[in-house]
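Residue numbers for the sequence shown follow our numbering, so the first one is 297 and each next one is one higher.
Any given hint might turn out to be false.
Simulated pairs of lysine to aspartate or glutamate, EDC-like, Cα-Cα distance not exceeding 16 Å [claimed, not checked]: (1) K524 - D585; (2) K524 - D581; (3) K524 - E586.
Here are the computed distance ranges between Cβ atoms for each label pair [as the list claims (entries may be wrong)]: (4) P414 - D559: 36 to 42 Å; (5) P507 - D546: 21 to 27 Å; (6) I579 - E506: 20 to 26 Å; (7) A403 - H574: 37 to 43 Å; (8) G518 - V407: 54 to 60 Å; (9) R504 - P414: 49 to 55 Å; (10) S565 - K524: 20 to 26 Å; (11) V625 - V407: 24 to 30 Å; (12) D491 - Q571: 28 to 34 Å; (13) C534 - S578: 19 to 25 Å; (14) D596 - S517: 20 to 26 Å.
If you are wondering where the hints come from, they were derived from the structure by calculation, not from laboratory data.
As the structure is a computational prediction, the values presented were derived from the model and not from experiment.
Ideal placement from N, C-alpha and C gives every residue a C-beta, glycine not left out.
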Amino acid sequence: MAARSRQTPTAGGTGRGSLFHSLRDVGLRAVGAPPSRPQPPSDAQTLRGHTEAAGPLSASGDQAHLLYGKTATKSPMMSFVAAPWVIFLASCMAYTLFWSSDFLPLALTAVALLAGLPASLPPRHSRRGATPGAKLLPAGMCLLAAVSGVVIGVYTYENYMAPFYAIGFGRSYDNVLASTPGAAYMDAGRMRFADTSSVQSDMALGYRVEPTYCVAPIMDSGPQQVRKVTFWAIGLDCCASRGSFNCGTDLELARGGVRAVPDGIFAHSRSEYVQALHQAASIADLVVDENPILVHWVSDPAVEQRAKLWGALLQVCFGMLFMGLGSLVAFTIDSVWGFSRGTPPLEGQLPM
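With the hints as extra help, turn the sequences into a complete structure.
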């Protein structure tokens with residue numbers, strides 16, 4: 297007995313469907329109508345035929361890519377580099393430039409985070425079966441970028457931009473007599489002292505050991521100078537415990553002074569300097585003015601201002617280097633676990 301031929305399923309349908317189309321073409325020829333051309337199979341039929349032939353799908357990203365073409369994923373460059381770096385730069389620059397403002401840096405950081413966080417997440421992060429790492433790793437990078445930007449921005453502002461603003465936007469005074477009461481220079485940012493005013497190194501004092509807070513009175517050699525001292529030169533680790541002061545530039549030739557900024561979260565040395573100058577005044581039998589003015593003794597305040605600006609830029613570059621290391625770690629984790637490849641469809645489920 298001849299073996300019965302088996303109709304193999306094709307992309308266009310079963311063997312019974314092919315027989316039906318042949319009979320219909322014969323009937324159309326009998327009545328003089330042109331035969332109908334077979335229609336190409338649709339994408340859904342093709343995928344369904346491959347699915348029936350291949351059997352149940354395994355939940356691997358490679359099979360999902362072969363059967364469904366390009367998987368809907370977000371590039372790792374967007375998840376781990378572009379979006380976190382934009383958030384970091386926005387938050388860092390906001391707090392570096394506007395930390396003294398109450399609302400502006402927080403608002404800018406929130407806008408950057410709300411805009412960058414959705415852009416970094418893979419498009420299938422909210423679908424059924426998505427791995428937690430697919431959304432936690434990019435979200436964690438964005439939050440790390442925001443927090444790092446805030447911390448580095450505040451530190452940079454207090455140590456570099458606040459002195460820069462004080463020098464640039466504070467009032468400038470020339471030919472200042474050290475014997476003048478401090479109330480007359482409360483808005484001073486930079487000063488140039490008279491030739492008769494100088495730092496008294498023999499009355500300097502070093503407060504504590506590590507670090508050593510150095511202070512020395514600035515006094516005038518004229519008859520107006522009394523025991524009350526308004527201006528004090530300050531510095532860190534640049535003096536001995538008594539009678540020596542080497543802070544700043546040449547004490548004999550320099551006549552410039554830039555005002556020290558108030559304490560903050562990271563910079564909190566002003567209170568230590570105040571303790572030091574009261575101790576020095578007690579030892580030297582001096583009286584501290586009601587409004588003491590602490591200055592860094594420099595030869596040119598403009599040079600000091602530029603140095604602070606360059607220091608702020610270096611701090612921002614350090615933060616970008618830190619974010620680069622974080623992106624490298626995230627890339628390594630993603631390459632091992634494959635979070636950025638997306639989530640393949642479930643068994644027998646067509647892609648959406």
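Range hint compliance [Cβ, S565 to K524, 20 to 26 Å]: With Cβ atoms ~24 Å apart, the hint holds.
V407 and V625 - C-beta distance against the hinted 24 to 30 Å: Once the Cβ atoms are compared, 27 Å apart, the range 24 to 30 Å for V407 and V625 holds.
C-beta pair I579, E506: status relative to the range 20 to 26 Å that was hinted: For E506 against I579, whose Cβ atoms are near 21 Å apart, the range 20 to 26 Å holds.
Distance restraint evaluation - P414, D559, Cβ atoms, bounds 36 to 42 Å: holds (39 Å)
Restraint check for K524 with D581, where alpha carbons must lie at most 16 Å apart: Judged against 16 Å, a Cα distance of about 10 Å means the pair holds.
Outcome of range test on Cβ distance (P507, D546; 21 to 27 Å): holds (23 Å)
C-beta pair D596, S517: status relative to the range 20 to 26 Å that was hinted: Holds, at about 23 Å.
Status of the given 37 to 43 Å range, CB of H574 versus CB of A403: With Cβ atoms ~41 Å apart, the hint holds.
Assessment of proposed distance window 19 to 25 Å (beta carbons of C534, S578): holds (22 Å)
Distance restraint evaluation - G518, V407, Cβ atoms, bounds 54 to 60 Å: Holds: the Cβ-Cβ distance is about 57 Å, inside 54 to 60 Å.
Proposed proximity, E586 with K524 (alpha carbon, max 16 Å): Measuring from Cα to Cα gives roughly 9 Å; hence the hint holds.
Outcome for the supplied range 28 to 34 Å, where the beta carbon pair is D491 and Q571: Roughly 31 Å apart at Cβ, these two residues keep to the hinted range, so it holds.
No hint from the list above goes unmet by this structure.
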